[in-house]
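K.L.:
Chain by chain, the residues run as shown.
There are 2 protein chains.
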Amino acid sequence: MKIAIDAMGGDYAPGDIVRGAVIGAREYHVGIILVGPGDRIQPELAKYDTSGLDIEIVHTDEYLVEGEQPAYALRTKRNASIALATRQVKEGKAQAVIGVGPTGGVVAAALTHLGTVEGISRPVVGGAFLGFAPKTIAMDLGGNVDCRPDQLLDFAVVGTVYARKMFDIANPSVALLNVGVEEGKGNEQAKAAYQLLKQSGLNFIGNIEGIDVPSGKANVIICDGFVGNVMAKFSEGLGRTICKWLEDQLKAKLPENEIKDMVNRLFMLTSPSDVSGGGPIFAVNGVVFKAHGRSRYPEVARTVGAAKWAVEADIVGALKAELARARGKLRVSNP
Amino acid sequence: MKIAIDAMGGDYAPGDIVRGAVIGAREYHVGIILVGPGDRIQPELAKYDTSGLDIEIVHTDEYLVEGEQPAYALRTKRNASIALATRQVKEGKAQAVIGVGPTGGVVAAALTHLGTVEGISRPVVGGAFLGFAPKTIAMDLGGNVDCRPDQLLDFAVVGTVYARKMFDIANPSVALLNVGVEEGKGNEQAKAAYQLLKQSGLNFIGNIEGIDVPSGKANVIICDGFVGNVMAKFSEGLGRTICKWLEDQLKAKLPENEIKDMVNRLFMLTSPSDVSGGGPIFAVNGVVFKAHGRSRYPEVARTVGAAKWAVEADIVGALKAELARARGKLRVSNP
Numbered sequence: 094m095k096i097a098i099d100a101m102g103g104d105y106a107p108g109d110i111v112r113g114a115v116i117g118a119r120e121y122h123v124g125i126i127l128v129g130p131g132d133r134i135q136p137e138l139a140k141y142d143t144s145g146l147d148i149e150i151v152h153t154d155e156y157l158v159e160g161e162q163p164a165y166a167l168r169t170k171r172n173a174s175i176a177l178a179t180r181q182v183k184e185g186k187a188q189a190v191i192g193v194g195p196t197g198g199v200v201a202a203a204l205t206h207l208g209t210v211e212g213i214s215r216p217v218v219g220g221a222f223l224g225f226a227p228k229t230i231a232m233d234l235g236g237n238v239d240c241r242p243d244q245l246l247d248f249a250v251v252g253t254v255y256a257r258k259m260f261d262i263a264n265p266s267v268a269l270l271n272v273g274v275e276e277g278k279g280n281e282q283a284k285a286a287y288q289l290l291k292q293s294g295l296n297f298i299g300n301i302e303g304i305d306v307p308s309g310k311a312n313v314i315i316c317d318g319f320v321g322n323v324m325a326k327f328s329e330g331l332g333r334t335i336c337k338w339l340e341d342q343l344k345a346k347l348p349e350n351e352i353k354d355m356v357n358r359l360f361m362l363t364s365p366s367d368v369s370g371g372g373p374i375f376a377v378n379g380v381v382f383k384a385h386g387r388s389r390y391p392e393v394a395r396t397v398g399a400a401k402w403a404v405e406a407d408i409v410g411a412l413k414a415e416l417a418r419a420r421g422k423l424r425v426s427n428p
Numbered sequence: 094m095k096i097a098i099d100a101m102g103g104d105y106a107p108g109d110i111v112r113g114a115v116i117g118a119r120e121y122h123v124g125i126i127l128v129g130p131g132d133r134i135q136p137e138l139a140k141y142d143t144s145g146l147d148i149e150i151v152h153t154d155e156y157l158v159e160g161e162q163p164a165y166a167l168r169t170k171r172n173a174s175i176a177l178a179t180r181q182v183k184e185g186k187a188q189a190v191i192g193v194g195p196t197g198g199v200v201a202a203a204l205t206h207l208g209t210v211e212g213i214s215r216p217v218v219g220g221a222f223l224g225f226a227p228k229t230i231a232m233d234l235g236g237n238v239d240c241r242p243d244q245l246l247d248f249a250v251v252g253t254v255y256a257r258k259m260f261d262i263a264n265p266s267v268a269l270l271n272v273g274v275e276e277g278k279g280n281e282q283a284k285a286a287y288q289l290l291k292q293s294g295l296n297f298i299g300n301i302e303g304i305d306v307p308s309g310k311a312n313v314i315i316c317d318g319f320v321g322n323v324m325a326k327f328s329e330g331l332g333r334t335i336c337k338w339l340e341d342q343l344k345a346k347l348p349e350n351e352i353k354d355m356v357n358r359l360f361m362l363t364s365p366s367d368v369s370g371g372g373p374i375f376a377v378n379g380v381v382f383k384a385h386g387r388s389r390y391p392e393v394a395r396t397v398g399a400a401k402w403a404v405e406a407d408i409v410g411a412l413k414a415e416l417a418r419a420r421g422k423l424r425v426s427n428p
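Quick note, the sequences are listed as chains D and B, same order. FYI, this note's numbering numbers position 43 of the first sequence as 136, with every residue one higher than the one before it. FYI, this note's numbering numbers position 260 of the second sequence as 353, with every residue one higher than the one before it.
Honestly, I wouldn't trust all of these hints.
One copy or any two copies: either way a pair holds, since identical chains are not told apart in the list.
Quick list of in silico lysine-lysine cross-link-like pairs, BS3-like style, CA-CA up to 27 Å [said to hold, decoys possible]:
(1) Lys337 with Lys353
(2) Lys278 with Lys258
(3) Lys278 with Lys170
Hints listed in this document are in silico derivations from the structure and should not be mistaken for laboratory results.
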């Protein structure tokens, strides 16, 4: 298996990307294609022992830079590193691609070069976002900020497949994030989505309120990308605020290293980007992973592992099968 | 000044409502009108020393019960306690009304009997919701789940007036809750609202992401009621989860009473309903306060104090003046 990585994405590129790739290659026994300027990648690669590893550089001088509008930039930079890395998957040279740059760039490259699976118009961004609820994923988390109700149904199908594979649960529970638990609650979008979910044949357990999100009641929480993004980032913000508060409260009451350890754990439990090494972009025709822009080499290495898992679990094939099944159900109940 | 209270609302009615009203009357030197069945209120009132207090009972046998759809129930129960309490304000017998029952009932009664201030179609629910950001209010928090962009502008005007009065800040900062900080980010609603806010003459500081909500960067955070409700309730849920986690972490490391104290403070700092005694329903033609359904007598008493403050601060008059001003600005810049 080969995994293509955009070596020029994120805050610590190319140094931490290359280092993470080397560690990932050794730890997970996969081949790596590093995409970017050879003259910048080669010196980084030379710092490490790569004997016995299958690491290749695919050269390009183009890459996305800070402040560019990614989708627009990709139209003029046809060989931008994220685009070229994504094309490695399209051309069968790699089985997965990892981007560390802006989500917009990773999504736009995936959309252009791989496309979405049949019947889903836009890639879906989601995953576990709260360490306190490790068997709960939420989607969308920001990829789709204006959603039709049927897109929320798509998220539910995508989430079910992912939760089933990831948590090894036969029939993951699906809940709709809403302002009240009763049927009929919510805005127009939620009310309509509720009806679609009810008929979907998925394990739909109804509405869930914000207060119950951390409880783990649902394996898959469905929301539009605007709500999901606000909630996931608020979790991160509140987590950091409480970490600072806790540090202050415990000062002089506990040994410094114990405080540090406790605060670090709380940080990890509330910070979406630190829960996992990186998350997949769902519903595209290929395995595409996005790592947080702040990722250092350990996160890059972990994302290599996550991408390998997704290829082996065939999340794309499983999604296509489930979509066909759920759509069939809906056609039957909505003749 | 007299404050009318629906004695039959909330989980602990009428006992805690009556007790809280007695304490509130004494502490804040206001008259109280308790509305509900006299035969249930009188025995509760008899438990306390009410000498020198101006407390009156207005009798009705009707009140909203658990599980009723409030707006619908109010159409058949014309003398439901919350409706009759609200009419005390309309008829000039009271200067404010407090409801402890479901928000839907308090809002529907306010809308029916007091109406909204000119130019705002729906009451607005909002206020401080996070103890970590005591000088930040968010609105809407659930009253309006389907919003047009111009309603978000209304929220900003309402919030500015309230923050100015409440925090004594001449020019409160206003931010739009969004998925990114740059102009042009967000869903269609947020993009359009951004443009209106930019031209409003308010102290609009741009977009704010979820991660920055607890920072206190903005005095007024604008969002639709769906997003606001999810965020405020998620704050409560995450806060409780961290409280439990913290208790567990500190066990055997600190004295039990110190742990209890720390956890209680964290609970208060993250639990929206405990930050204040209760919040106003904004943009109605009168001072209407809603206390949380779980309120015990101390919260009821505090809400009496908050309602008295709102009457004295003339929040309704101030809102009307500010609305006229903001609308004037918009008319000038949008000829």
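K.L.:
Against the earlier hints, flag every one the structure doesn't satisfy and list their numbers going up.
P.N.:
Going through the list in order, the structure violates hint 2 alone and respects the others.
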